[in-house]
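S.K.: Chain B: place on chain E using the hints.
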Amino acid sequence: MKITVDQVRYVADLANLHLTEDEVRKFQADLDEILVHFERLNEVDTSQTEPMAQVLYEAEEIATLRPDRPRPGLGTELALANAPVAGSGYFKVPEVIKR
Amino acid sequence: MLPMDIAALTIDKVREGLRARRFSSSELATAALQFARAENPKTNAYLTFSEERALAAARRVDEKLARGEDPGPLAGVPIAVKDVIVTNGVRTTCGSKLLANYVPPYDATAVERLEGAGGVIIGKTNCDEFAMGSSNENSAFGPVRNPHALDRVPGGSSGGSAAAVAQGTAVVALGSDTGGSIRQPASFCGVVGVTPTYGRVSRYGLTAFASSLDHIGPFGRNVRDAALVLSVMAGRDPLDSTSAEAPVPDYLTHLDGQVKGLKLGLPREYLKNLTSESGDLIFKAIERLKKLGCEVGDISLPATDYAIACYYVIATAEASSNLARYDGVRYTFRSPSSETPSEMYRNTRGEGFGAECKRRIMLGTYVLSAGYYDAYYLKAQKVRALIARDFTNAFAEVDAIVAPVSPFPAFKIGEKINDPMAMYLSDIYTITGDLAGIPCMSVPCGKTVEGLPVGLQILAKHFDEACMFRLADAFERAGGAQN
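For the record, the sequence lines run as chains E and B.
With my numbering applied, the first sequence covers 1 to 99.
With my numbering applied, the second sequence covers 1 to 483.
To be clear, the hints were calculated from the coordinates, so they are not data collected in a lab.
Note that the structure is predicted; figures quoted are calculated from it, not measured.
Where is the CB? At the ideal position from N, CA and C, for every residue including glycine.
No incorrect hints appear here.
To give an idea of the interface, some chain E residues facing chain B are shown, with a C-beta separation under 7 Å as derived from the structure:
#1 Val-11
#2 His-18
#3 Phe-27
#4 Leu-41
#5 Thr-49
#6 Gln-54
#7 Leu-74
#8 Ala-83
#9 Pro-84
#10 Val-93
DSSO-like mimics (lysine-lysine), calculated; alpha carbons at most 27 Å apart, straight line:
#11 E:Lys-2 - B:Lys-416
#12 B:Lys-263 - B:Lys-290
#13 B:Lys-461 - B:Lys-291
#14 E:Lys-92 - B:Lys-97
#15 B:Lys-412 - E:Lys-26
#16 B:Lys-263 - B:Lys-291
#17 B:Lys-290 - B:Lys-447
#18 B:Lys-290 - B:Lys-272
#19 B:Lys-284 - B:Lys-412
#20 B:Lys-272 - B:Lys-382
#21 B:Lys-412 - B:Lys-272
#22 B:Lys-416 - E:Lys-26
#23 B:Lys-97 - E:Lys-26
#24 B:Lys-97 - B:Lys-412
#25 B:Lys-284 - B:Lys-461
#26 B:Lys-447 - B:Lys-291
#27 B:Lys-412 - B:Lys-447
#28 E:Lys-2 - B:Lys-382
In isolation and in its complexed conformation, chain B is listed as follows:
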């Protein structure tokens, strides 16, 4: 038994432990893998454990330490990676039957950078198929259960990553966010989840869902850990032409508690459909921010009412195009009953994709088809410009925006799965940030009477993650997660 409580580790505690030689990186990796395997039957958070790779990474850290070299800012930190992010030699399923045996021949840039900084990737986490869903119930490998209430969903689509961090089997995790898939599960599982500015983190190696909306971002048990992971991953990558050249600040130096006088906007359109308990916690959080010296005022983001329609036109259109590559030729699964190429395409896709992917392929194909392109896709792209303009206007007046993440806390497994429209509508507070490409995050702001976590969303200007982290960190240190 190791002298550590794995479930309570933070990046700082790992660093201290290694420095004081209380444990080696290899010992920690072995213990973390053992703990994650033992806990997994409760939540189904992991689909694959990357033991060989984890132990090799840990050994490299130990060797560097022995030679007196700097092992990197994430040295020895056990990390879980959402299974839509490719890992060389480690199975990457995207939560789909189609890719149940897919072993990528290369690493995502984000993964490469985390390992380069000493991180130890212990496994790949469960998610909605191709990141399409808000509950993690659309995985071909079974739903993930919320560690706070095992009969409830962890949120989605990055449900496994959020659950792993909440459960303590990984110190930090990577997720992906196209319409709220990091922030909503972070909120449901009571952890910190960050969607950076579009282009901040390279998408190279992130399986494409909706390319103009896809982001990679971190989960952590505190703001500091999430900020550090982002700073390691962020920055220009020649392999993603949309990755930004903008310099990446040292976010940790911004966690200084200096939030007095910060101007915050509370969008009135985001308070309409809240359940009373979630609403109470959001308003309590606002009061806490005021006590810290922030000035909170009402703002309006008038195009919000059109955001769901706008998002589901654009996201499904892009998805129908991106998922065209799963045709039975290159990616492991081919329907056995295919005599002709046409049958191969149709049957492979018909048998391979789950219901939600099919629904989105159908919607996306429909809105892009002859005669409908202008009415749906082009129109939605124009409405997207208006949604983005709302934020530009708001940020002329305020430094950051505070809002709920989800209208309600974690719901019961099975409760909403048969009503796709209701599921789509629940994304209302998170999709706008993705459409505008601004950085946004969820930070825990208390629990309901039943003990279900609720998250506060913070949104900031393009490339101003530093302001967002400063506010979230000050809120967290002021006891924001306590009721």
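With the rest of the complex left out, here is chain E:
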């Protein structure tokens, strides 16, 4: 077994993701099967291989940055337009520090 239900709970905690007990059991089985499949990566000899984080072209087509010039942002009103709760120009969240 690659992953236990306790590990599933631990990972859900890392991901800030609430799971029901049914989901924990279901994902334990699903993840276990998938992680067993991932094991086959160990069959590949990569001792001489550099990791590829991004598609790298031999040419320089993507080695480009735009000029670093300031430009106007969205503005507070638009930025807050989709907030579930907002007020006074801020995103509102539940109380962080109890008084």
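M.R.: Frame of chain E; chain B shown alone:
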């Protein structure tokens, strides 16, 4: 009633109709919207119709025509856009309950360019939640049904866009492809679907799933339309640092039928798990290409066996990071039962995400977590380099690669949804192109006995979409879509 059959329109026919004044752009937009609304209950392809925006765009085209100005290469063309691509003022849900009410304050660059070329965006199409899935069954707004067989899936994740083009409610559509999400639905729905070179089209405004693998690409009912849409969208965008500076050729000038002597490779690793009917159609397509004068030879892409594992490590790792932003603070949905910030994060995500997104967030978080990073993520990035090297080696010998898109044609709704591993394994022929960042596409190559379309995949060198389109167009004109 307009003097046109909307379901049979192509970009050329729209242009001719406007020029001959058989209809105005506004009349076409109104008729297209009406047709799409009437057809939608059959397939559930659209989630939102952008009537106001479409009519405004159409009016601009009509005004330009009246002034004798060039209205652009896509003038008046009804376009559907996958709902993971943001549209200013038009709801963009990503197929998720979390974003059911999200109205973006800006446009994706691709959308801006299509409208700038005269395109008329009529609506936003259904898809798997955050583009995660191969069947369109992971949408919070219900599955899309395949127009060729309503009890079957249209493929995914861009199922709504493929279905809209197949059904004829949009002339062309935009999709996104991270592991096959354009080519596989194109194959299942019998339309053309194109995944361009990574960086060819700006990702600005494409909701991020796996940033190193995400692409925007077009669907069309023929190669020509898809090629034209790509040429409009492609090119450097300062708002996406990974967008390429490479010049964009006029693809249409390459659709000249000159494929004699073209060297094509058929990867033997891609023929192992095919169902017999799909296999027969692929081999028939190969014979047709040989008749056109192409030289087809066997090639080997030995790292293919590791592609599924490699892809699902990298894609889920990047997804778990990208989806962290949906925390109940900025994007419309917050769980009502949250007394503390921590509860807000957990409950919002627990209640908001569907099962497949949760599964991928869990997998991605696991492979990135302390003690596992080297064993999974770093290892997968090294294997990715080997998969990319396979293609570099192959393209030293051949001009393009031909392969199946999917091991099987469209399956029944519900048939595979409870077996995530089987669903992941079915992506085997499409994920490699994304991992290598090369251009690839699906072009129809016939139908099964039951009438289910099958697509032929064509893959080419980085930035050589022109070769891919030349081959696909020659194949299409030689009757490739007929059995």
